[in-house]
Amino acid sequence: MFEAIAFYLFAALTIVMFTITVMTSQALYAITAMAAGMIFISAFFFILGADFLGAIQIIVYTGAVMALYAFGMMFFDTTRNVIEKRTNPKIVFVLGILAAVMVVAIFVAPIVSNNIHALYPVEANVGNSQAVGMVLFSKYLVPFEVAAVMLLVAMIAGIVLAGKKMDKSLTLMADDQIALNHTSQESNHKGGGH
Amino acid sequence: MEVTLTHYLVLSTVLFAIGLIGVMRRKNLLMLFFATEILLNATNIAFAAISHYIGDLSGQMFAFFIIAIAASEVAVGLGLLIVWYKRTGKIDLDQMNSMRG
Numbered sequence: 001m002f003e004a005i006a007f008y009l010f011a012a013l014t015i016v017m018f019t020i021t022v023m024t025s026q027a028l029y030a031i032t033a034m035a036a037g038m039i040f041i042s043a044f045f046f047i048l049g050a051d052f053l054g055a056i057q058i059i060v061y062t063g064a065v066m067a068l069y070a071f072g073m074m075f076f077d078t079t080r081n082v083i084e085k086r087t088n089p090k091i092v093f094v095l096g097i098l099a100a101v102m103v104v105a106i107f108v109a110p111i112v113s114n115n116i117h118a119l120y121p122v123e124a125n126v127g128n129s130q131a132v133g134m135v136l137f138s139k140y141l142v143p144f145e146v147a148a149v150m151l152l153v154a155m156i157a158g159i160v161l162a163g164k165k166m167d168k169s170l171t172l173m174a175d176d177q178i179a180l181n182h183t184s185q186e187s188n189h190k191g192g193g194h
Numbered sequence: 195m196e197v198t199l200t201h202y203l204v205l206s207t208v209l210f211a212i213g214l215i216g217v218m219r220r221k222n223l224l225m226l227f228f229a230t231e232i233l234l235n236a237t238n239i240a241f242a243a244i245s246h247y248i249g250d251l252s253g254q255m256f257a258f259f260i261i262a263i264a265a266s267e268v269a270v271g272l273g274l275l276i277v278w279y280k281r282t283g284k285i286d287l288d289q290m291n292s293m294r295g
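Respectively, the protein sequence lines represent chains A and B. Quick note on my numbering: the first sequence kicks off at 1 and runs consecutively. Quick note on my numbering: the second sequence kicks off at 195 and runs consecutively.
Calculated from the structure, these hints are not laboratory results. Backbone N, C-alpha and C fix where the C-beta goes; we use that ideal spot for every residue, glycine too. There's no promise every hint is true.
Said to hold, decoys possible - Listed below are the simulated DSBU-like cross-link pairs for lysine-lysine, each with C-alpha atoms no more than 30 angstroms apart in a straight line:
#: 1; chain 1: A; residue 1: K90; chain 2: B; residue 2: K280
#: 2; chain 1: B; residue 1: K221; chain 2: B; residue 2: K280
#: 3; chain 1: B; residue 1: K284; chain 2: A; residue 2: K90
#: 4; chain 1: B; residue 1: K284; chain 2: B; residue 2: K221
As the list claims (entries may be wrong) - Derived list of chain A stretches under chain B, where covered just means 3 residues or more per stretch with a C-beta under 8 angstroms from a C-beta of chain B:
#: 5; stretch: 24–37
#: 6; stretch: 53–61
Stated by the list, open to error - Chain B side only, calculated, beta carbon under 8 angstroms to chain A, not exhaustive:
#: 7; residue: M255
#: 8; residue: I260
#: 9; residue: A265
#: 10; residue: M290
#: 11; residue: N291
Put together the whole structure using the sequences plus the hints.
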């Protein structure tokens, strides 16, 4: 009973939050609604007994990814309204519903045909974190290591791409120096072109 | 009134459809990234639900790897977006036609 109440409550909240994210024209509303939706999604993982996944969802998505987006948005002009594409909304909605039905077919097909076997069944006497650790470090060890290397590569790529000209600090320079720097950069932009 | 696997799959599909609508109607690249995160999260819910109802941990493992991929996608994507914004001052999708394709 409580499970059903929790499911419907969090389902409604998540759908509303993500709809705001998709439909709003303000970037700050979008990122706030997105962070709230991520927290609400972790509730489903706790209901489903995947405690470790729920904790990871909160830490990684609302802790790391949302902070990264908030930090990245400092570079962009987020106060002005986002202009949208002028497409036919009918086409968009029909395509969305069509794709959604396709996804349902993909998920339901193996269940209907009764073709799923539990390869790594959940053991009754250990907790979720322990069971996850046992499966992750035995059967999924190689993908785990590959994912670690991929995250390292992504981190280096992020530092190299976003960290250019970070050595010039705007807070330690004098005002005329900043203005000089700014004009020289603008002339660079005009001269360099695309 | 019991919550079954179908409930979770329907919810996951609704969220996926919302993300897909976002991908199709957004022009700003930052907003497009948000819609991509919604898509990834919708599949994560489906994986966790199937993992619970079949009694198999593989679904949760795939959800972990999807989270790792989403994190690295954000790092690289935001880096590229910042470089592009520094060069051109715009992050609109329609104006990225420097190759005249």
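So, going through the hints one by one against the coordinates:
no. : hint              : in the structure
1   : A/K90 <-> B/K280  : violated, 36 angstroms
2   : B/K221 <-> B/K280 : holds, 18 angstroms
3   : B/K284 <-> A/K90  : holds, 28 angstroms
4   : B/K284 <-> B/K221 : holds, 11 angstroms
5   : 24–37             : holds (count 5)
6   : 53–61             : holds (count 5)
7   : M255              : holds, 5 angstroms
8   : I260              : violated, 10 angstroms
9   : A265              : holds, 6 angstroms
10  : M290              : violated, 10 angstroms
11  : N291              : violated, 10 angstroms
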